[in-house]
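Enquirer: Model the placement of chain S on the given structure of chain L, informed by the hints.
Sequence lines, in order, name chains L and S. Residue numbers for the first sequence follow our numbering, so the first one is 96 and each next one is one higher. Residue numbers for the second sequence follow our numbering, so the first one is 52 and each next one is one higher.
Everything labelled a hint here was simulated from the structure, so no lab data went into it. All values reported here derive from a predicted model rather than from experimental measurement. Backbone N, C-alpha and C fix where the C-beta goes; we use that ideal spot for every residue, glycine too. There could be a bad hint or two in this list.
[Claimed, not checked] DMTMM-like cross-link-like pairs, simulated, lysine to aspartate or glutamate; straight-line CA separation at most 25 Å:
(1) L/Lys115 <-> L/Glu217
(2) S/Lys218 <-> L/Glu144
(3) S/Lys193 <-> L/Glu147
(4) S/Lys193 <-> L/Glu216
(5) L/Lys207 <-> S/Asp290
(6) L/Lys207 <-> L/Glu125
(7) S/Lys218 <-> S/Glu147
(8) S/Lys218 <-> L/Asp142
(9) L/Lys207 <-> S/Glu265
(10) L/Lys207 <-> S/Asp288
(11) S/Lys218 <-> L/Glu218
(12) L/Lys207 <-> S/Glu266
(13) S/Lys193 <-> L/Glu218
(14) S/Lys193 <-> L/Glu241
(15) S/Lys193 <-> S/Asp223
(16) S/Lys218 <-> L/Glu241
(17) S/Lys200 <-> L/Glu218
[Stated by the list, open to error] Now the in silico label distances, taken between C-beta atoms and shown as ranges:
(18) L/Ala122 <-> S/Thr332: 41 to 51 Å
(19) S/Pro323 <-> L/Ile130: 45 to 55 Å
(20) L/Arg164 <-> S/Glu146: 26 to 36 Å
(21) S/Arg204 <-> L/Gln189: 34 to 44 Å
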Amino acid sequence: MADETLYAAVAAGVLPAEEKFAGLLRAIVEVARAIFGARASSILLLDGEADELVFAAVASEEDQFLVGRRFPSSTGIAGWVASSRTPLVLEDVQNDPRFARDVAEGTGYVPKGLMAVPLLEEEQVLGVLQVLDRPEQARFSLQEMELLGLFASQAALALSLLQSARAARAALAGEGRAAAVAELAAALEAVDEERRPAADALVAALRDLFA
Amino acid sequence: MSPVSAASSIDGVASAAHAGEPPAAPRPAWSLRPADTEGIALENPLPERVDREWAFHGATGRGVRVCVLDSGVEPGHPLVGELAGAVTISLDENEEPVAEEDTEGDLCGHGTACAGIIRALAPEAEIHSARVLGAGFTGSGKVLVAGLKWAVREGFDVVNMSLSTTKRHFGDILREIADNAYFKRTVLVAAAHNMPVESFPWRFSSVISVGSHEEPDPFVYYANPNPPVEFFARGVDVDVAWLGGATIRATGNSFAAPCISGIAALVLSKHPLLTPFELKTVLHLTSNNVPRG
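If we strip away everything but chain L, and leave its shape as in the complex, we get (with noise of 0.2 Å):
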C-alpha cells in the first residue's frame, strides 16, 4: 500500500470489479447452460428506473449480441417473473404467438422451452436468470426447479455485487463525497516535488482530525 495513492486504493477496490462480477455472472449462465444441457441461457438486469430489462450475461452458440440489449419490463415472461417474484417454467412456448413475436424480435429465435427465476436479495427483486431450451426429456422435475432455484442464488449475488460496483464508480465519478476524495487523491498524486512535504503535513493533519 505504501506507494499506492488514495485514488488508485479506492479505484482498485472498485474499477476492475465491474468486469470480475460481469464475468461471475457469465460463468454462472455457462454452468447453468451446462447442466441443465440447453441450449443458451441468460441473466436479465432490472433497472428499476427505466422500467426495462437489459440483457447482464448470455451464454449462447449464436447470442452473444444480445449483451446490453434492452426492453420494456412488461414484455413477455422475463417481464412476469420480475414483476409476480414468481418462478416459471415454460415447455411448447412457441403456441404463444404474442410471446413468440416479442421474443423473436429480442432475441432472433424462438425457444421451444424456457425456465426464468426471479433473482432476489432479501425484498428485492434485481433481474432473471433464464434458460432457453433443455433438451426434451420426459418430464421435468421439481428436482431441477431447486437447481435453478440454487442457480439463482448465486446469479443475485453476483448482480447485487456488480450493481454495488457500478454504483461506487458511479460515485467516484459524481458530484458526492467520494468523488471528492477521489479528486484529492489525484490531486495529491500530481502534486510536485517542492509542495510534497506539504501535501504530506496536510493528509498527516486529516489522519489525526479522523482519527
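Expert: Leaving out everything else, chain S in the frame of chain L:
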C-alpha cells in the same frame, strides 16, 4: 348443513342471526353473557367421517364465486369459457383500490392458465378475473395489495393468488387483509414460493398455501405436516390454457394453487356454509396422505 335460527341480545338490542351464516356485520362479541349461550348454538358442520364422497362427490362448483387475482384472463378461451367478470385494479390518490372493467384480457398467459385449471375442476363455478399484474414492474406490490383488498370486499368465496410479494412492508397490511378474509369467509388460496424466500401472503395461517408435487392427477393432494406450506397439489408439467386460445406445458406452484382453489370450489358448492377453517380441515382430512377411516 342447515342453518340454525337463533336470537341473541347484544347490548340490549335484540337481533336475529343464523349460526353458521356469516353475520352481516361483526358483532361486538368480546364476551359471552350467560343468557347468550343458547343464542350461539351451532350445528356440527362435519359428519363423523369426512371423506371425498361427502366432501365433493357430484359437485360442480355451481354457485361458488372464484376470483383469479393475476395477470388477467383471456376472455372466451376454450379451456376457460365465459367469465362472470373481469376488472383491472389500480390505485386512487389514497392508495385505495379502483376496479375498472378489463378490456385487455391477459397480458401474460399466467392468469388464463390458473382460470383454466379451476374451470377443469369446477366446471360450473363463476370465475372472475382481477388483473393486478402485467402492466410493468413499478408498483406491482401495491396493486397486488389493492387487488386483494378489493376481492375481499367483494366477498368472493375463493380467491386464487398464484403470486406473492417479497416486500416486507406489505406483510402487515396483507396479514390484516387475510385475517379479514378469514372472518368474512373468503377463502384465500395462495401459491407458496418455489424458492426458499420470504414472501407474502402465502405464509399466513389464515391462508391455504400450496406447493407442487410431481404426479399428474389434479385430485391427488397432500397435507404437509411441516408448514408453512400446508398442501401439495399437481404443479409439474401441467397442460394449461395460454394466450391466443393455445395451451402450453407449465411447471410451478402457480399451477398447484388453482388445483386446490378448484377443489375448494367443489367443496363449497356442496357445503356452502363451511368457514375457511372448516374447509381447510376438510381438505386436510381428504388429503391423499391421511388414512381413510
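Enquirer: Indicate, hint by hint, whether the structure satisfies it.
Expert: Each hint tested on the structure:
no., hint, verdict
1, L/Lys115 <-> L/Glu217, "23 Å, holds"
2, S/Lys218 <-> L/Glu144, "18 Å, holds"
3, S/Lys193 <-> L/Glu147, "19 Å, holds"
4, S/Lys193 <-> L/Glu216, "19 Å, holds"
5, L/Lys207 <-> S/Asp290, "15 Å, holds"
6, L/Lys207 <-> L/Glu125, "20 Å, holds"
7, S/Lys218 <-> S/Glu147, "18 Å, holds"
8, S/Lys218 <-> L/Asp142, "18 Å, holds"
9, L/Lys207 <-> S/Glu265, "21 Å, holds"
10, L/Lys207 <-> S/Asp288, "14 Å, holds"
11, S/Lys218 <-> L/Glu218, "5 Å, holds"
12, L/Lys207 <-> S/Glu266, "23 Å, holds"
13, S/Lys193 <-> L/Glu218, "14 Å, holds"
14, S/Lys193 <-> L/Glu241, "29 Å, violated"
15, S/Lys193 <-> S/Asp223, "13 Å, holds"
16, S/Lys218 <-> L/Glu241, "22 Å, holds"
17, S/Lys200 <-> L/Glu218, "22 Å, holds"
18, L/Ala122 <-> S/Thr332: 41 to 51 Å, "50 Å, holds"
19, S/Pro323 <-> L/Ile130: 45 to 55 Å, "50 Å, holds"
20, L/Arg164 <-> S/Glu146: 26 to 36 Å, "35 Å, holds"
21, S/Arg204 <-> L/Gln189: 34 to 44 Å, "40 Å, holds"
Of the numbered hints listed earlier, the single one contradicted by the structure is hint 14.
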